[in-house]
Amino acid sequence: MSDIILRTTDLGKQYKNRWAAQAIDLEVHRGDVFGFLGPNGAGKSTSIRMILSLITPTTGRVELFGYDLFNRREQALQNVAGIVEKPDFYLYLSAYRNMQIAGSLTLGKTPAEKKIMETLEIVGLAGRARDKVKTFSHGMKQRLGIAQALLCDPQLIMLDEPTNGLDPQGMKEVRELIQRLTTEKGITVFLSSHLLNEVEQVATRMAIINKGKMIVQGSVEELLKANANKVFFKLLPLKRAALILDSLKTVSAIEMTDDGIMAKIDPKYVPSVINKLVNAKCKIFSVEPKHSLEDYFLEKTTES
Amino acid sequence: MLNLIYWELFKTYSKWRTYIGFIAVAVLIPIIMWIMWIEGGKFISYQLKTLQSEFLITGNLFNGWVVAQVIMNGLWVHVPTLIALVAGDQLAGEATSGTFRLTLIRPVSRTRILNAKYIATLIYTASLVIVIALLSLGLGRWIFGTGDLIAFDKDGITILPESDLLIRFMFAYALAVWSMFVVASLALFISSFVENAIGPIITTMTVIVIFLIISNLPVESVESIKPWLFTTHMNVWQQAFRDPYDWDKIWNSAAALGINSFIFWGATLWIFKRKDILT
Ligand SMILES: Nc1ncnc2c1ncn2[C@@H]1O[C@H](COP(=O)(O)OP(=O)(O)O)[C@@H](O)[C@H]1O
Ligand SMILES: [Mg+2]
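The listed protein sequences correspond, in order, to chains A and B.
For what it's worth, the working numbering labels the leading residue of the first sequence as 1, then goes sequentially.
For what it's worth, the working numbering labels the leading residue of the second sequence as 1001, then goes sequentially.
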């Protein structure tokens, strides 16, 4: 049995005459923390809205747990929960009532008090259960949103920029919560973000989207490998070093920064390149291999 | 489904705006009665003095039943606003507050969610009319006492004996609820494609006013559409005070109102099922 629990094929949405998302082919496997990465306006929320049946796609299909979203919507969404864009609630009702309402829509009956309180406990809101959501801060609403998503023991949770608008402490808490969900409860998490380092820290697989189009998809490890061989030289003088590197066939993608040079070099040539620089009387302070996806992400999202 | 309806009712009755209608009638009805207590007594007595000598009328002529009927006559154009206030918010309110993103991603079909909202709205509509009924009959009989009801209409004057009146009033309020269902359906319909809370109220009232004008235009060219407009039938409750009942007219109006409600419900469902949730 294939363990792809979310598959989109050629998914696209056109508004007036421009595409907010186009040809989105996602494959999310059971157990993944799937990072959906892209700058603001890339089409992340639009894709998530289509997957959760809030908007009708212009093209393509969505399959959840093997069920077609358009023909078998109820089965497809039975084990899915999530937050789209910012978490919104019935502000005039308490956190507890909001939990009851959300839960009853999935269960077909009002969820048990014990279950609700346990779930609120996980996100640290049990003490505020009876307070109106109107009085909650953004961070509390975000956590309530996660609690609501967790309430009916879903197998897949879709979180749209869950750390948006949170302070560093809040971001850390949400990240830890996501990690706990996957390790302790075995929930598959689909997480969108415009911050690469956030995805990099928690995701096992990811897709990058920009201007409505998907650029790449794969395991974070593979993508890191594909993007390996970047080396950062902290050295002086910059101009002379750049000229030398530029003259070498084994070096490419040279970029000068304030205090050094970034270049793409196959690791086996690194010693000889260092030698050449030393011979040319460059002062080398450090040489670091760069594995971060940051540059890759920036490169991919700015070039197109 | 019952659970869905329960929570729609819970939401509806947890909102402050739902009580504006109840508060409005709870304030208006005593005021109307107070004015009638001071003014109306004189006015009606003069008219009826002459009658009293010609017919056999038992009890007080200016009584609670009369007052309740006057109130109904006065309110049936204003109550739609109070209904639109709540019904118009049912879909538009959730769109505006972003809570559709919370409910419509769950494994419940939009048809069921809409129907639950519909039923909750109809229950609110009925509850508002019931409160009007209890207030005007209860307070009216307490302040003005009881007696026979003199009903005026195009054909003249009918005297309805007190023994019939409770049934007749219940029938009148039931017909009023039935016609207010059309107003609720219209407001929900507009609520399905408008994304703010004020729009549906204003639009509903505008539609009602325009239709009412058409319904009352003494012009040949609009005669043929009049029977189809719900506003032509909205005063069907007045038929409860005819003696004998004109069943043809009552059935005809009730059917026209029902068809109107059904069409608005169908149109709302059609739009709601296709609606892109962008808020
Ligand atoms: N309702 C809409 N009408 C027209 N364009 C829209 C609408 N919603 C989103 N867009 C456009 O679609 C693109 C993708 O938006 P969105 O999916 O919200 O991006 P993201 O979530 O990645 O920031 C943006 O350029 C946005 O302006
Ligand atoms: Mg977004």
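Certain hints may be false.
Reference listing, derived: stretches of chain B covered by chain A, where coverage requires no fewer than 3 residues with Cβ under 8 Å from a Cβ of chain A [unchecked claim]:
hint, segment
1, 1010 to 1018
2, 1087 to 1099
3, 1248 to 1262
Only pairs whose alpha carbons sit at most 25 Å apart, straight line, appear in this in silico BS3-like list of lysine-lysine [said to hold, decoys possible]:
hint, chain 1, residue 1, chain 2, residue 2
4, A, K132, B, K1273
5, A, K109, B, K1226
6, A, K134, B, K1273
These are computed hints drawn from the structure, not numbers from a lab.
The beta carbon of each residue, even a glycine, is placed where N, CA and C say it ideally should be.
Evaluation of the provided hints:
1. 1010 to 1018: holds (count 5)
2. 1087 to 1099: holds (count 3)
3. 1248 to 1262: violated (count 0)
4. K132/A to K1273/B: Violated, at about 31 Å.
5. K109/A to K1226/B: With Cα atoms ~46 Å apart, K109/A and K1226/B exceed 25 Å; violated.
6. K134/A to K1273/B: Roughly 29 Å separates the two Cα atoms, so the pair is violated.
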